[in-house]
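Number of protein chains: 2
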Amino acid sequence: MKPTVVWTKIDEAPYLATFSLLPIVEGFTKDAGVNIELRDISLAGRIIATMKDFLPEELRINDELAYLGELVKKPEANIIKLPNISASVPQLVAAIKELQSQGYPLPDYPEEPKNAEEEKIKMLYAKCIGSNVNPVLREGNSDRRLAEPVKEYAKNHPHKMRTPKENSKSHVAHMDSNDFYQNEQSFISPKDQTLKIVFEDKEGNKKLLKEVKVEKDEIFSASFLNRKTLRDFYAKTIEDTKEKDILFSLHVKATMMKVSDPVMFGDAIRVYYKELFDKFGKELEEIGFNPNNGLSDLEAKLNRLPENKQEAIRETLKEIYAKNPRLYMVDSDKGITNLHRPNDVIIDASIPAVIKNGLQGWGPEGEVEDCTITVPDRTYARMYKEIVEDIKKNGQFDPTKIGTVQNVGLMAKKAEEYGSHDKTFFPPKDGYIYVEDENGEKVICHELDAGDIWRAYSVKDIAVRDWVKLAANRSKESGYPVVFWLDSNRAHDANLIKRVVEELPKYDIDNIEFHVMAPEKAMRYTLRRFRKGLGTISATGNVLRDYLTDLFPIIEVGTSARTLSIVPLLAGGGLYETGAGGSAPKHVEQFLKENHLRWDSLGEFLALAESLKLAKKQGASEKIEIIADALNRAVARYLDEDRTPKRKVGELDNRGSHFYLAKFWAEELANCGDSELEAKFRPVAKELKENEEKILAEIREAEGKPADIGGYYHPNEELVSKYMRPSETFNKIIDALR
Amino acid sequence: MKPTVVWTKIDEAPYLATFSLLPIVEGFTKDAGVNIELRDISLAGRIIATMKDFLPEELRINDELAYLGELVKKPEANIIKLPNISASVPQLVAAIKELQSQGYPLPDYPEEPKNAEEEKIKMLYAKCIGSNVNPVLREGNSDRRLAEPVKEYAKNHPHKMRTPKENSKSHVAHMDSNDFYQNEQSFISPKDQTLKIVFEDKEGNKKLLKEVKVEKDEIFSASFLNRKTLRDFYAKTIEDTKEKDILFSLHVKATMMKVSDPVMFGDAIRVYYKELFDKFGKELEEIGFNPNNGLSDLEAKLNRLPENKQEAIRETLKEIYAKNPRLYMVDSDKGITNLHRPNDVIIDASIPAVIKNGLQGWGPEGEVEDCTITVPDRTYARMYKEIVEDIKKNGQFDPTKIGTVQNVGLMAKKAEEYGSHDKTFFPPKDGYIYVEDENGEKVICHELDAGDIWRAYSVKDIAVRDWVKLAANRSKESGYPVVFWLDSNRAHDANLIKRVVEELPKYDIDNIEFHVMAPEKAMRYTLRRFRKGLGTISATGNVLRDYLTDLFPIIEVGTSARTLSIVPLLAGGGLYETGAGGSAPKHVEQFLKENHLRWDSLGEFLALAESLKLAKKQGASEKIEIIADALNRAVARYLDEDRTPKRKVGELDNRGSHFYLAKFWAEELANCGDSELEAKFRPVAKELKENEEKILAEIREAEGKPADIGGYYHPNEELVSKYMRPSETFNKIIDALR
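Note that the protein sequences, when read in sequence, are chains A and B. This note's numbering applies: residue 219 is where the first sequence begins, and numbers increase by one. This note's numbering applies: residue 219 is where the second sequence begins, and numbers increase by one.
Check before you lean on any hint, since a few could be wrong.
Since the list can't tell identical chains apart, any single copy or any two copies may satisfy a pair.
What the hints assert, rightly or not - Quick list of in silico lysine to aspartate or glutamate cross-link-like pairs, EDC-like style, CA-CA up to 16 angstroms: (1) K611 x E665; (2) K750 x E659; (3) K497 x E533; (4) K611 x E731; (5) K950 x E905.
FYI, nobody ran anything at the bench for these hints, they're computed from the structure.
Produce the complete structure using the sequences and hints provided.
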């Protein structure tokens with residue numbers, strides 16, 4: 219049977235681009251023994267599939283996400299996963315409205331269910347909210363790196379990296395004690411079993427918080443952070459920042475660690491605005507202000523108070539701003555500060571931004587300034603400290619000279635802290651949270667103060683072992699040393715190190731240079747190589763995977779959106795993720811308004827090349843590898859000649875960029891050394907070259923008017939196709955290949 | 219060829235005991251296919267051998283230490299190494315005097331050589347000073363544990379472990395930054411080569427400090443401690459101790475880390491006695507007071523000042539003592555404080571003493587009190603903190619219930635910090651110390667302030683790999699889990715972890731429970747098992763080897779002198795060390811005065827049993843193992859019936875204790891299941907039993923008068939033998955066996 223490459227149908231800009239790109243892909247890969255198949259996991263598609271019981275037969279569609287969820291567990295999986303919408307409730311509601319207007323008899327979204335029926339509807343819709351696709355598909359660990367042409371391009375066209383001020387006062391501030399780093403305990407389950415998480419107060423009253431199933435050899439860990447120590451730390455850091463006269467910034471990941479991190483964020487509010495709570499504690503409680511939602515929550519609810527109280531509060535806020543250090547701004551024009559909303563400053567993106575900006579941020583008046591980079595918990599803070607200090611000492615990174623840092627990340631099966639949000643608890647009073655195994659043995663036990671943040675997380679044995687294998691293989695393939703960023707001071711990491719010791723020697727380690735180092739030491743080692751222009755593989759846990767695969771790509775090529783992101787599936791297949799930059803709603807806005815799509819499909823090109831190489835291993839013809847290699851060379855030219863889409867109407871857009879990709883690809887195949895392929899693509903290359911002006915003109919002519927595609931979440935696909943393939947000349951050449 | 223067990227002839231009490239014990243050993247092992255051979259490595263013997271060119275032919279002896287130095291590199295080595303004198307200069311001078319008086323034409327020791335000839339003499343004598351035996355013989359790593367009967371005895375006859383005060387204020391204080399722990403860098407040499415250690419000042423002037431030969435794959439590391447941070451830390455700790463109103467104590471190891479640690483000790487003097495230096499800095503310099511030698515150095519030199527200055531200084535000292543926290547005392551009767559001499563408080567012995575004493579020390583008035591246990595560098599301080607906090611939380615250890623902690627220590631070839639004293643430097647001004655390889659590449663580089671303590675240390679690849687093997691084998695033999703106490707935050711340990719990953723899987727790890735944890739976590743894990751009565755193996759570097767093999771034996775059986783200490787030699791042989799308690803000069807004093815020797819040969823018994831087991835592997839008859847097992851059972855009875863030597867004349871002494879050992883050993887062999895051995899030893903057992911009273915009486919009768927043996931360092935051996943074998947009845951029974 220021919221191997222099948224699944225191309226996912228998703229949302230917004232990359233969805234639109236698919237209608238232009240996919241025909242080209244089909245054309246170029248035909249006769250090379252591979253199927254290309256489109257599978258719908260768009261928000262609208264998932265709504266329709268999930269709500270099928272409300273829909274008449276003719277409107278129902280298959281649950282393609284469920285299908286892919288099964289496929290990833292089979293060796294034949296080969297999936298190109300484009301970025302889909304992680305829907306917020308407002309997005310869900312809008313999509314439902316749109317589908318209803320198109321004749322889908324869907325129930326409204328019941329925000330506050332009033333009966334069992336509505337409860338059930340809300341539960342069904344809940345399946346379409348948030349990050350519900352990745353956990354289903356990511357049945358493997360993560361292999362992320364910059365493809366050769368992307369790295370080459372950045373070396374030749376370096377992005378701007380601002381030089382830090384001499385004697386920069388910017389620095390990372392972190393806690394010294396009683397944080398997650400210090401309090402971790404870890405347990406390896408000797409069997410499949412159900413663990414109990416229990417709270418016991420000082421009088422011995424117990425409360426079962428949760429039961430958690432674990433597998434044999436699963437590493438189950440837990441830790442806590444003491445809130446009082448955290449707030450003392452904030453107070454000290456705020457004072458120190460004021461003294462240094464720089465900006466105060468706070469970096470957490472409330473989007474992902476969605477239970478613990480908003481509370482850590484909220485404590486910063488409680489400390490920075492302390493006088494507010496001292497003076498107006500009662501009032502703030504009355505109006506339901508929740509500091510964990512940021513100061514925007516106060517702004518939204520302030521009008522529930524009488525005018526004079528409002529005035530008094532605004533006055534106190536002014537005093538606070540005068541007394542405290544200036545805040546790092548998300549948007550200084552609009553007055554949106556770091557403490558405005560918990561989700562605005564996300565550590566993995568925000569610290570690289572500070573680094574790129576010469577260790578500076580924007581202050582309240584739009585001024586660019588040094589800042590205190592506050593990362594409370596030491597677990598990962600110290601590796602950021604290491605790179606910040608390195609830059610202060612050795613200067614800004616030069617994209618034309620630095621090496622590359624690739625990542626092999628432990629991600630499979632909701633690994634580690636990123637799987638912790640349903641196991642995060644706040645003890646209601648002083649007491650203990652412990653984890654009990656089936657024998658009633660306390661395998662983890664912490665003594666806590668009321669309100670402390672306790673969280674548990676785990677990683678499955680199969681995921682860890684696969685991760686070690688992946689690291690070893692990547693090191694062998696690349697010839698780069700691999701560094702396991704593991705800290706033997708952490709109970710959890712000590713258990714991982716044990717697995718590394720067991721697994722790594724299975725993979726020809728005589729021919730691999732490898733190291734096990736704690737994150738800050740690993741950073742130091744890696745940066746030393748990085749500055750010498752050498753490549754290094756970071757083998758990390760799930761959090762550092764997330765952090766480092768933004769950090770290094772942003773330093774190396776200015777963005778993490780151009781990273782090649784592969785999930786080598788545990789069962790042997792491959793998942794190729796594209797578009798770390800999201801699904802770009804602003805691009806769609808512009809497209810609808812003036813029929814110009816500035817989405818860059820580079821990620822899709824790169825993923826496709828990797829996917830085709832896997833297809834070869836899965837049984838496609840030898841030719842597919844030649845086609846993939848030609849594609850990579852085409853991409854190099856695409857970048858080098860700067861044929862990426864431009865921002866303004868009338869300039870080259872996504873469709874024009876696809877034309878160039880096709881042209882380069884055909885030209886590369888016309889000289890690829892395989893006589894059959896050369897014979898097939900030589901005339902194509904010739905036609906494309908001869909018609910270059912004409913095709914571009916046909917595309918350009920279509921632009922400048924609104925594009926009515928009959929919907930945002932669920933457009934009319936005939937219309938989409940019409941708009942996305944405006945050049946008859948180009949279409950004819952491509953369709954002749956399909 | 220019959221395997222040979224070498225019994226070392228050494229000094230003082232164990233030397234004397236040998237004359238009683240060795241005939242018994244010869245008798246009991248005869249006909250079991252093993253030679254017992256005595257080799258002289260006593261101080262006197264080493265002097266005679268070293269100075270042979272000054273001696274007439276007939277007085278010369280072979281250099282037996284050199285012989286053993288070669289033997290340890292061969293697989294047939296099987297050596298029982300009794301404790302010898304690590305001679306100080308006064309001891310050397312006394313030994314020379316004694317030999318001269320016996321007719322040895324030796325030159326005097328030239329403390330301050332006046333010409334080349336004297337220089338040469340001093341250099342020759344230098345070979346006899348200090349710890350010169352162990353480095354020659356310890357061609358292997360270390361395997362230390364409590365033998366079964368010793369552990370059993372302690373469980374049945376527990377020593378006193380004082381209960382800590384409720385809410386004990388005792389605690390470990392350590393630095394937070396800029397210590398050795400933080401600043402470490404490490405390098406693995408890719409080949410045999412010579413490294414250069416270079417100091418470069420800020421103007422670029424360079425000075426070669428030392429050249430060091432390293433082997434391929436040797437791990438070479440260096441770190442430094444910032445003196446200003448150290449002194450700030452001392453000031454803070456002293457203040458905090460005063461506030462808590464407890465004793466201030468400082469624990470370093472100036473005897474072993476003989477260059478770096480006296481300076482760390484000296485800085486404590488500089489801070490504690492700050493006012494003294496402020497007021498009398500000039501005077502103290504004039505008289506040559508060196509704080510690194512402790513306050514005793516001031517006392518010794520104070521009379522070089524005029525009377526009134528002396529008085530003023532004494533007055534200031536009084537004021538300082540009134541103002542500062544009370545000091546932990548070495549001897550409160552004599553007024554000797556912790557800060558009196560750098561070698562009085564030695565961390566590996568002193569902290570276990572505090573623990574044993576309920577986390578308390580003695581204060582100036584002889585009062586028992588809580589104390590601040592100051593251990594500046596974090597590298598090992600935090601593991602002490604862990605056990606101290608554990609005791610505060612979970613109570614004092616109960617010797618009848620606790621498990622055992624065995625050690626496999628990386629020791630071979632002057633491993634790690636214990637090989638650092640000739641590579642320790644203090645930069646004369648602000649600048650850099652770096653290590654340069656043969657390509658001129660800086661492989662390690664530190665920026666330092668003038669006076670900082672920089673030290674380098676290394677470990678040979680063969681030593682590390684052997685250590686991992688030893689750990690795996692010990693774990694398999696014992697069934698205990700093995701914990702590698704390695705901190706991935708330390709560059710040096712990160713390199714060791716790499717080796718563990720490479721080596722450990724060669725040794726059947728599916729059947730071994732093993733862990734890699736940073737020291738404080740390893741301590742936590744180990745103590746949890748320890749309190750449950752379980753056994754654990756600590757696989758550690760050289761410093762922790764030294765620390766833990768005092769700490770746990772002292773907790774478990776009240777002393778580290780009863781530890782079984784084996785050096786499995788790299789070449790395959792075995793070195794069995796006895797007498798961690800030293801060579802006991804006080805015992806000799808008593809013996810000379812009243813012919814009562816209270817030395818306990820338990821260490822020799824235990825070492826002999828292990829050595830005989832090795833002899834079996836080396837080709838001795840099967841019977842030797844039966845004899846060894848019988849010896850172990852005899853030792854159990856020896857302990858259980860408390861037949862160890864007593865302190866007072868007229869009570870059982872070393873010779874009487876040997877009688878009981880022989881009696882039990884014979885009785886065990888009389889019922890050992892081997893008919894030949896039973897036939898041989900049944901009559902012996904009978905005779906010994908029947909003559910018990912008579913033999914003990916003969917020994918007792920000899921006591922109470924001085925024993926003139928014709929020398930201290932080099933006695934007349936016929937006389938020694940006469941005194942040490944006073945019972946004709948016993949001698950007859952034993953000699954019949956030989």
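Hint-by-hint comparison with the structure:
no.: 1; hint: K611 x E665; result: between (41 angstroms within a copy, 12 angstroms between copies)
no.: 2; hint: K750 x E659; result: between (52 angstroms within a copy, 13 angstroms between copies)
no.: 3; hint: K497 x E533; result: within (12 angstroms within a copy, 55 angstroms between copies)
no.: 4; hint: K611 x E731; result: neither (28 angstroms within a copy, 43 angstroms between copies)
no.: 5; hint: K950 x E905; result: within (10 angstroms within a copy, 115 angstroms between copies)
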